[in-house]
Amino acid sequence: MTPLLQVEGVSKHYGAHLGCGDVTFTLWPGEVMGIVGESGSGKSTLLNCMAGHLAPDAGRVVFDTRMHGPRDTVTMTEAERRWLARTDWAFVHQNPRDGLRMNVSAGGNVGERLMAVGARHYGDIRAQAQDWLGRVEIDAGRMDERPRAFSGGMQQRLQIARNLVTGPRLVFMDEPTGGLDVSVQARLLDLLRGLVRKLGLSAVIVTHDLAVVRLLADRVMVMKDGRVVEQGLTDQVLDDPQHAYTQLLVSSVLQV
Amino acid sequence: MTAAVVHGAPSRRPPTHPLREGAQVTRMSAYNFAYLDEATKRMLRRAILKALAIPGYQVPFSSREMPMPYGWGTGGVQVTAACLVPEDTLKVIDQGADDTTNAVSIRKFFQRVADVAVTDHTTQASIIQTRHRIPETPLLEGQILVFQVPIPEPLRFLEPREVETRTMHALEDYGLMQVRLYEDIARHGEIARAYAYPVRVEGRYIMDPSPIPKFDNPKLDMSPAVQLFGAGRECRIYALPPFTRVESLDFDDYPFTATKAAGQSCAICASAVSYLDEVVTDDAGGRMFVCSDTDYCAARVAAKQGDAA
Amino acid sequence: MYVAVKGGERAIENAHGWLAQARRGDVSVPDLAVAQIREQMALAVDRVMAEGSLHDPDLAALALKQARGDVIEAVFLIRAFRTTLPRFGASVPVETGDMQIIRRISATYKDAPGGQVLGPTFDYTHRLLDFDLADGAAPAPAAEAPPTPGPVPHILSHLGAEGLMQSEHAPDPGGTHDVPDLTRAPLEFPAARPLRLQALTRADEGFLLSLAYSTQRGYGRNHAFVGELRIGYVRVSAHVPELGFEIEFAEILLTECETVNQFQGAKSEPAQFTRGYGLVFGQSERKAISMALVDRALRARELGEDIGDAPAQDEEFVLSHCDNIQSSGFLEHIKLPHYVDFQAELELIRKLRRNAAGLQDAAE
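Top line first, the protein sequences correspond to chains A, D and U. The number in this note's numbering is simply the position in the first sequence, starting from 1, with 6 added. The number in this note's numbering is simply the position in the second sequence, starting from 1, with 890 added. The number in this note's numbering is simply the position in the third sequence, starting from 1, with 11 added.
Chain A on its own, in the form it takes in the complex:
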């Protein structure tokens, strides 16, 4: 089997400051990788390097494209990367305002990716948008409303629908439950777990919340000061942490 994503020696500096250093890992189809660490650990920098939002200083990010097999997305043209971004990839931002068009209706938000890849039948686009709104538990009656009027949890669910409607092969998520109330987080996590299982999604999820990793991720990578300090199967790492920093992370969660 070909890996879906191979990250090899990816580094990114901000001036003299290290964003992330020499990160290497492999993601297999159908696998969910969690990246944990506190803020400033470099996990978001790494995610943005993988998703093509930032250019790494060194390293390769090889993605198994539908048409041409494994390709290094770092050296691709911007046009190719953008095409990937609206077909095979999806990106769920922490703040739904960064991932939604706030002045476009919920239906239009979900339909945009369909139209971007050539859908031209209004009725079909609308039916698919409606189907996806249902899957993320948004009432069909609110389809023509703008997300401005939605609660934070609804906005986040809308963002997820907008990202998944074209059946992406790889989903990047940046703190998808951050900024939400605890009860809202639980519902969203539940929904995400259902979607991940049902669709067999491949995903990379960045979070500081070990509960998110425990629930969604098959494997986990722990980052500190831009470096990966430990990685392995989720249960293994969380139940039997080897690195002192991971032990600290796990114990601090248990104390809560």
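Don't take each hint at face value.
Derived pair list, reagent style SDA-like, types lysine to any residue, alpha-carbon separation capped at 20 Å [what the hints assert, rightly or not]:
1. D:K940 x D:A1060
2. U:K362 x D:R1077
3. U:K362 x D:F1146
The set of hints was computed from the structure by calculation and includes no laboratory data.
For this one, chain A is given, so just place chains D and U on it according to the hints.
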């Protein structure tokens, strides 16, 4: 327009001072043919040729200050000036009419600086400069239609940043444009765009056809004439070479329709197929409809009178 | 039968005739000489030259007369004339350090070599209408003193000597070959600083003033001090390849402003002061200071500062809207007939209303 002919040498006037050395220099005779110097016209012609080579692509050009305000057709005037030769016959219309004030003003400008023949008749013109209309009389091979364009960027009101819109064109990233049309149907039941209705050129670039009513959009498609678009203030030229495929954006189940005043015909020439202006005739709600294209209307009236005689 | 309205041509001619008469005003009042405008409305003339980007006080005065005192209209006349002039080349960069100073102030140093010179300024005048002026009173002769001999170095050069001021380097040291020309090449983004400065120096004074003010009120704040403001005469020369040496061909009045702005340092650079720069034709210090503040605000990205939503830091926003000839042209074009578009809009609104009414009927 005949083949490229160069008129006179580039202006090499000495830098005499019009006030200190008598008021001779500012006389019109001191200006080059069609106002612009030859170097500027060459720059414009290069931009026009590039635009024709990449239909629908907006070519940046170094727009000059013209002696009329930006927004009043300086882009069209520069394009016309770059195309004009002394043998040309020029027609200028605004809102379809030859005698609207801006059309009169631009026509007079070219009579003054290029001394070319002018006409009201679409069939006799070799170059037609227009604002907001395409003539009703079908254009022919060899004719040039020059559009005045206020905002050349069809994505401008979706995305204000030039750097971003140019990238969207380059990468054919047009989902957002279609979203706008989707939103119209979701809210109004149809695409609520009456003019400057966006088109796709040869399946590639999305283009603003200038603020012509969408009634005129089908005339852009496979036209035998050369169609040039000039936006002076925004420094852009774009073009449709003859016989270019131009499709108005739509959805399969909400196809584009070229609409005009429903069920009306011209009160002067009785045409039921031309684009009509509504004229308010009294303050009690009385109104009538007449052709917006005055030449088309007059020709029909003349033909009828000819038949009657 | 209805007859379409004709006569646009005659209406235009008549309007122009009326305009000429209105411009002259009451003929029992003597006609205004161009020289009078040049000498007594000098700051208006300076502004027309700066925004028209053509240094010619006589033509600027004529434009003001023809424009009935409407400054933007006068700028427009100058621009339309300028565009037809042949271009022989670029001058050698002027040396403002050699300026024959008529005014020079610094808000950062109490005293500096060359001293502070107030010059002909409105500063410290009480803004009381002078009714004697209405009667044509001649001013008392002003006090005179011998000019300061030799060049007056820039005040910020003292900071530069200490390494506290970020140094500027010419994109093309010593040469004039690659000077960008806004009027010969289309403005494309992102624009380099030389091009930005070129756009700002001919930008609308009111627009720059408001933007500069907005930076001081917190929209892109950058802590500026007026390091130096100097007004005076500089010599303009050009290198003539055929002759193999430079010839001097003019002496012009310029206003130059350098602001000193704090800079916390970033990436590889230590904390130091940075500069905002303004240079304008004539005596135009409000414009020069505004330009320096806006220039510095536009450097936010280059210096790695936080970029918020401040308009003054947004290069596309500032450069696309700073030119008053472009702005007023587009603003005024909405006076032109839009019958056709309006008709299309009218039909659309009627149709949408019919659709809505149809839906309502169906619902009832």
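Compare the structure with the hints numbered earlier in the document and write down the numbers of the violated ones, lowest to highest. none
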